[in-house]
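Peer 1: On the provided structure of chain A, position chain B as indicated by the hints.
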Amino acid sequence: MTDHVWWMPPNGALHGAAIDRLMWWNLVALATLFVLAHIFLFIALIRRKSTGHDLSPMRWEYLPLIALTVLYAWMAVSAQKLWATIRYQGAAPHALQVEVTGQQFQWYFRYPGPDHTFGRTRPELVSAPAGNPLGLDPADPHSADDIVSSVLTLPAGHEADLGIRSIDVIHGFFIPGMRVKQNAVPGMEMHIHFTPATPGDYPILCSQICGLGHARMQAHLNVVSNSEFEAWIAAKGRKK
Amino acid sequence: MSLSVQQKAPSHRLLTTDHRSIGINYLLLSLVAVTIGTILSIFMRIHIVSPMLKLPIWGVVPPEGYLALVTMHGTLMVFFVLTTAPVNGFASLVLPSQIGAERMAFPLLNAISFWLTTISLAVLLTAFFVPGGAPISGWTNYPPLSAIPAAGPGQATGMDLWLLSIGIFCLASILGAVNQLVTIISKRCPGMTLMRMPLTVWSWLVTAILILFAFSILLAAVVLLLSDRHFATSFFIPPGEVINGFAVDPHANGSPMLWLHLFWFFGHPEVYIAILPAMGLTSSLLANFTRKPVFGYRFMVVTTLLIGFFGLLVWGHHMFVSGMNPYAGTAFALTTMAIAIPSSGKVLGWMAMLWRGRDSRVHPLPTPMLFTLGFLSFFITGGLTGPILAQPVLDAYLHNTYFVVAHFHLIMAMAGVFSLFAAVYYWFPLITGRLMNERLGKWHFWLSLLGAYGTFFPMHFAGLAGMPRHYAQLGGSTSTLTSLMPLQTGISHSAFLLAATQLLFLVNLAWSARRGQPSGDNPWRATTAEWTPVTKGCIARYGPYEYRHSINSADFFQQCAERPEQE
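Protein chains in written order, with this note's numbering: chain A, 1 to 240; chain B, 1001 to 1567.
Isolated chain A, as found in the complex (with noise of 0.2 Å):
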């Protein structure tokens, strides 16, 4: 095992390494499986020898496909195995709660400052050149605390839970770094948590069409260090 699979970009999650191990065989294997029907392919084209009428079928279909059914099992089981542990439950409860909204061709993300409590929103209120692209209830005093950021600061070694929503269309909340993805859908909020372990700064990509500037629906995760992290929602709260 290499700590880096082909192509893919470094791991910063404490779960990725799993995944990236799991990847890592079930490419090999795949790949291992291509050469060897293509160079099988190639001999019998070269052949010049018949072999007559009568292949065993217990030979040459049976048994290569149990041994094929047992390397799909195998690796079902032990897929499963990772995604229930990393998807079956919710977060822990003293995760970092933010919500992670989607709309044409921004990402926000949202924390819920020093009383812990995301303020209302109300999608008559959104408007981002007023400076509300959440659309948050001033009337609710939840909200006067609500920090809104366009960029996305974890602190490292402490798991994240994101709320994902979005307020237009379908879209698509993914960072290759994290081993993260999940679509943003309009009138759903779905939950994902993980845990930022290597500080850096990682790419959060749109990974569903989502309209015009698709491709260009662009974010960045900061993973910093505990006290950088304090220090950063305390002037992002200043600043309010």
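These are calculated hints, taken from the structure and not from any lab test.
Hints may be right or wrong, so weigh each one.
If you anchor each label on the Cβ, the simulated ranges turn out as follows [as the list claims (entries may be wrong)]:
id	chain 1	residue 1	chain 2	residue 2	range
1	B	1312	A	127	35 to 41 Å
2	B	1249	A	73	48 to 54 Å
3	A	28	B	1446	25 to 31 Å
4	B	1454	A	158	42 to 48 Å
Stretch by stretch, here's where chain B covers chain A in the computed footprint (C-beta under 8 Å, at least three residues) [what the hints assert, rightly or not]:
id	segment
5	6 to 15
6	20 to 28
7	62 to 72
8	83 to 97
9	125 to 136
10	156 to 162
11	169 to 175
Quick caveat, the model's predicted, so the values are computed rather than measured.
All residues carry an ideal CB built from backbone N, CA and C; glycine is no exception.
Peer 2: Coordinates of chain B only, in the frame set by chain A:
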């Protein structure tokens, strides 16, 4: 009989109810669609590597223009090429004669299906010329992007035309499927038992059943979406919808997820609709060119049925990251892994057929055989990435990246198209009474193989690097994508080679139709009944692949013979 098409005056061909002429018309329609679709894909490849280049006719392509190209390319290729040609074109051409019938069950319905498909194509192409241009939401057209005209250019009239076109296409496909189903069930000649049907006919049987399920659901979905757009219903539009900073008129509790389920309930069987006829043809051609019966005929029939059955149960694997419940992801992952088993079984069967070797009396590797081998190669290469994408935890990284583009272009597009080429080279004598040029055919094959692998194999790497599909440009505020420019440039050049090579095919078609070597009645010494010249009534005396008699004087037995006068 095989030459009867030639004897007809060309002017009568267009308004005919003769199944062969309709088959040819379908194939010509597909040829038009594939030509346009290929030109669109070349425009896309040019745009990705040099966005400011002025294209002929099109001019400089804006980002939404790129997405319009993507949408129309996908729609043309999936519906009008990979469905129309193998399912309607070749089935109309040879299905009745392969089961010893003189005509389809409903000849007029067959003609109506063809004309509906033609109208559907015309309506689709009109979308380029309306204000706003063609739709930009991809061939899957997820709402609300597809449900609200203000969501983007092309989403107004262009989107309506797309929905209208696909609605008509669904209708044509359903009528065609009913026709094929009734023909296969009720029109078989005496002696043509189910287990004597050629594997192509089995494929068309399963395909027709899948079409009835899949296209009726798509038709319903299209009607619902049109109704959301024009009659203020709310099937797919959620409450609190805001587009461009404006709240859309209040909608009740619709959900875009409903469209995803309906669309992919169509969309996944559609893949098998496109590829099952290719599988049947591959078995038949391998038997023919190795001069040996199909290895495990019964096994091939069973795997075809299993693929059809599981094909209806796997649609959720397109939706692992869509917001579907993670437990449902597990269920769909398991059905998807299950469908890999019959598919692998078929590949093993074909490999065994190759291993038995071929008879030296046959010309070593005629062009249809080459393209069949190409199909096999692409099917293996594209198929092997299936088990990776079937796993939600890996798909959650690869979903909607170039890895997926590589996967389905290899297994559906390239495998499908190579099988279509095999079919054209193989059945061309039925249409024209002439063989296609072998030398041009071989150049066509090898250059296409090179171009196709050069185009689609490197896309796996772009996908692993995390590059999403549908990106009109490689720039943007993050720097990762720009570094993929050399890879994308190489892909574009391979795509140009692949497209240019198809000119050889067009030249070959035109030249061979007039000057090709006359083929005689049964140039491939095939067993199946489309090559048996009978004038009225035939009877099936043998199984479909009686090639085993190489020691006797007759190396094969034609399945059908003329029915003797009343005994």
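Peer 1: Looking at the structure, which of the earlier hints fail to hold?
Peer 2: 1, 10
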